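Enquirer: Read off the chains here:
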Amino acid sequence: MSIERPSIEVRNLVKKFGSFTALNGIDLDVYPGEVHALLGDNGAGKSTLIKALSGIHPPTSGEIKVDGVIVHFQSPREASDAGIGTVYQDLALNPLASVTRNFFLGREIKKGLGPFGLLQMKEMNAITIAEMKKIGIHISNPDQPVGTMSGGQRQTLAIARAIYFGAKILILDEPTSALGQKQQMEVLKTIRTVQKLGNIAIILITHNEIHAQLIADRFTFLSLGEVIGRGIAQELEGDEIKKLMAGGAELGDLKAELAA
Amino acid sequence: MVLFFYPKNKMSSEISTTVKRNETDRHKKKNWFQILLARPEIGPFGVMLLLFGMLGYFSIPEGQFSINPFTGEGFNALGIRNNFRVIAQLGIVALGAGMLIISGEFDLSIGSMAGFAAGCMAMILKWGFAVIIPYPSFADGFTIEGYRLFEIQSVSPLTAILITLCLTLSFGWFQGWFIVKSGISSFIVTLGGLFFLRGLTEVSYRAFNKKVDQTAGSTTVTDLPDIKNIIEVPGLGEMEREAAKVLPNDQILKILKTAPEATLVKITDQLTYINQKVAVTKTMMQEEKMLQTLQRSLDNAIRSGNEAMQKMLQAKIDAGIDVQAVQAKAVTDLDLAKAYIDTLPTARPVAEFFGGNILQPVFDWLYFTVDWNVNNFGNQFAPGLYACVMIWLIMALFCYIVLSKTQAGNWIYSTGGNLSAARANGVPTNRVKISLFVFTAFCATMFAACQVFEVNTADAAKGNLKELEAIAAAVIGGVVLTGGFGTILGILLGTVIFGIAKEAFFYIPGIDGSFYRVFLGAVLVSAALTNENIRKRIVGSA
Ligand SMILES: Nc1ncnc2c1ncn2[C@@H]1O[C@H](COP(=O)(O)OP(=O)(O)O)[C@@H](O)[C@H]1O
Ligand SMILES: [Mg+2]
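Chains as they are written, first to last, in the numbering used here: chain P, 1 to 260; chain V, 1 to 542.
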């Protein structure tokens with residue numbers, strides 16, 4: 001689909017927890033402007049893979065390249081400095097604080113001495129409104145506590161925040177799983193908007209093959225710590241996706257088993 | 001299933017044309033009054049107004065009727081001075097306790113810390129400060145000797161405060177460090193601190209007070225000089241103000257000679273005014289006394305049915321009493337000299353800063369010009385407010401700015417609101433917590449400094465229960481115990497409520513004064529319930 005260089009390249013990545021091999025030689029390429037769906041059953045190793053990419057678990061062996069440069073992340077901070085923005089399921093938001101205060105949490109714009117620098121609230125409010133608008137959400141009151149926003153809006157806030165602070169690779173861990181139907185659509189719309197920006201590579205972890213088919217350009221299927229299949233959206237059939245998501249077992253086999 | 005297989009471009013156009021309404025549109029815009037009512041401080045504000053009203057009206061002396069609550073004793077100059085002192089003392093520690101709770105932690109050692117700081121300061125001021133290194137000695141059997149590394153005999157107020165701060169802030173730091181590193185609840189660790197510090201304070205008092213013929217000393221430090229009132233007397237050097245006033249007459253008059261002309265004119269005017277005022281008040285008091293006597297006789301006459309007497313007395317009362325006006329005392333040079341000594345500035349500004357008075361010009365103006373700050377004898381009622389009020393307000397302003405206007409404030413809120421989120425976003429949550437433990441220790445030390453320099457004594461019970469009162473004040477003011485929610489304005493309101501309740505209930509006729517505790521208990525629990533509901537409304541609405 002694209003001849004450009006991948007934003008992130010993973011080669012032969014291995015992650016062991018003691019004697020347990022969670023990831024056994026993973027290869028993955030994600031291109032700018034593409035949504036890359038990472039699919040697989042529970043325990044397949046999806047979360048472990050993105051934790052390796054976000055600097056939470058340093059890999060046991062293998063290679064990660066960001067924009068062609070080999071990286072060895074020792075902390076989440078290093079990964080985020082290199083342009084990897086991860087939006088976890090809990091979103092890392094403070095529900096009691098305002099939209100703006102969450103948007104800039106830990107990276108506040110301030111004037112003056114260290115942590116006692118004065119917050120530039122006006123500027124921060126304006127940026128928050130503008131950035132949220134860029135990916136399709138209109139915030140009328142940036143002082144609104146995040147806890148009063150819908151789940152979809154919160155997801156969008158976390159995504160907008162990651163992008164504003166320089167994420168070139170956006171990792172979304174099951175962004176739709178805890179949401180209602182309407183809000184799921186809202187989040188997919190947001191992902192589509194980010195995709196259209198063209199310069200951001202998106203890794204989307206999901207359990208929902210419908211969502212994956214709606215939005216993803218490429219697929220990688222994991223099972224028991226290995227890649228069992230990959231492909232481009234246009235070439236994959238719905239049944240094949242379902243089959244690969246379940247770890248390669250034929251649905252027919254399952255039917256037979258259930259019948260027995 | 002097929003239903004969902006839209007071509008990509010069609011899909012996106014579908015969404016953008018069907019969604020016309022935003023989630024945010026569902027929040028109705030509020031007018032200013034609704035915004036005001038929705039503020040979390042509105043509840044405590046209402047309770048505070050209620051208590052002020054009670055204090056004002058119930059303290060109006062019997063027989064007088066007034067719709068102006070400021071005519072009551074609760075709001076005369078002395079009442080204001082005393083009430084604000086109680087409020088400010090609690091307020092200083094409540095600020096630290098409140099900020100710490102907002103960050104999600106507790107400090108139960110504040111009261112003991114205040115007692116420790118007060119003892120430390122008082123002992124250093126009285127006996128000096130030395131660092132002694134103990135070592136074993138075998139010269140004369142086995143004994144433990146002490147090597148004096150260094151020693152300061154007479155310690156200035158500033159040095160005493162700084163040495164005390166070194167000790168208290170380190171202890172606060174240690175508690176915070178221990179809590180974040182061990183993961184043990186701050187409730188337990190600071191409960192340990194509560195016992196540890198109180199015990200250490202008592203032990204130290206006894207050890208340093210120990211006299212040769214006593215097995216144990218007392219747990220107080222008394223007879224410190226009135227440090228804030230040490231003045232430089234022209235020609236005589238430093239001495240306490242009261243000591244200067246009782247010098248032999250010839251020396252006092254010599255001091256007066258050094259007074260500048262302008263000051264002399266001013267204090268002459270003031271003393272004349274005071275003497276005049278006292279004389280007029282005395283005259284009025286005498287009239288009133290005679291009137292009362294007549295009235296009593298009249299009552300007796302009515303009771304005994306003596307009509308002639310009754311008529312005579314009634315006539316006398318109607319005619320009005322006309323006693324000889326009391327002559328105003330002349331202003332003598334001795335009076336002038338003493339008044340001049342009162343105007344001499346302190347030689348210990350730090351002690352004055354913590355233990356002196358503030359707003360004296362205002363209170364002077366209220367007496368000399370407004371004719372309000374007057375006691376029953378015609379003298380000035382209150383000299384000013386206690387300095388702790390100023391320290392409380394300075395600290396409150398600082399806390400307000402930090403909490404709502406700075407990066408540190410955002411870190412404090414997020415540390416208490418969602419610890420893992422704060423961490424994930426790079427907030428140094430451990431540093432935030434440890435800093436706030438250090439800050440509560442600082443608040444306790446400021447509380448102690450105000451007390452020591454105000455009353456020039458200290459005892460081992462200082463600050464007792466202050467930690468619980470501080471937490472209660474913060475909660476009444478809208479701070480949520482689980483962290484992340486609360487404001488400095490709220491903490492101030494909670495403090496005023498807590499400080500004023502006792503006074504307000506004291507004046508209610510016919511009820512036991514201790515009902516204020518019953519009231520505070522109920523207010524505390526309803527405040528906690530309200531806070532929790534507000535928090536749930538915000539967090540649980542998604
Ligand atoms: N920190 C860890 N220590 C040991 N085992 C782990 C750890 N994290 C994950 N695992 C194991 O690795 C496997 C893959 O887990 P995970 O990546 O969470 O799967 P997924 O996200 O695909 O459901 C699981 O069997 C899990 O138990
Ligand atoms: Mg997972």
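The set of hints was computed from the structure by calculation and includes no laboratory data. Be a bit skeptical, because a hint or two may be false.
As the list claims (entries may be wrong) - From the structure, some residues in chain V lie toward chain P, with a derived Cβ separation under 8 angstroms:
no., residue
1, Ser414
2, Ser420
3, Gly484
4, Thr487
What the hints assert, rightly or not - Calculated pairs, DSBU-like style, for lysine-lysine (alpha carbon to alpha carbon, straight line, at most 30 angstroms):
no., chain 1, residue 1, chain 2, residue 2
5, V, Lys329, V, Lys282
6, P, Lys122, V, Lys277
7, P, Lys111, V, Lys282
8, V, Lys245, V, Lys311
9, V, Lys266, V, Lys277
10, V, Lys257, V, Lys211
11, P, Lys122, V, Lys311
12, V, Lys311, P, Lys182
13, P, Lys133, V, Lys277
14, V, Lys126, V, Lys338
15, P, Lys196, P, Lys168
16, P, Lys110, V, Lys405
17, P, Lys134, V, Lys405
18, P, Lys168, P, Lys134
19, P, Lys65, P, Lys122
20, V, Lys282, V, Lys266
21, V, Lys311, V, Lys289
22, P, Lys65, P, Lys196
23, P, Lys182, P, Lys110
24, V, Lys405, V, Lys181
25, V, Lys181, P, Lys16
26, V, Lys126, V, Lys257
27, P, Lys16, P, Lys242
28, V, Lys405, P, Lys133
Predicted, not measured: the structure shown is a model, and the values here were computed from it. A virtual CB, placed ideally from N, CA and C, is assigned to each residue, including glycine.
Enquirer: Please flag the earlier hints that this structure goes against, numbers listed from lowest up.
Expert: 4, 6, 7, 8, 10, 11, 12, 13, 19, 23 and 26
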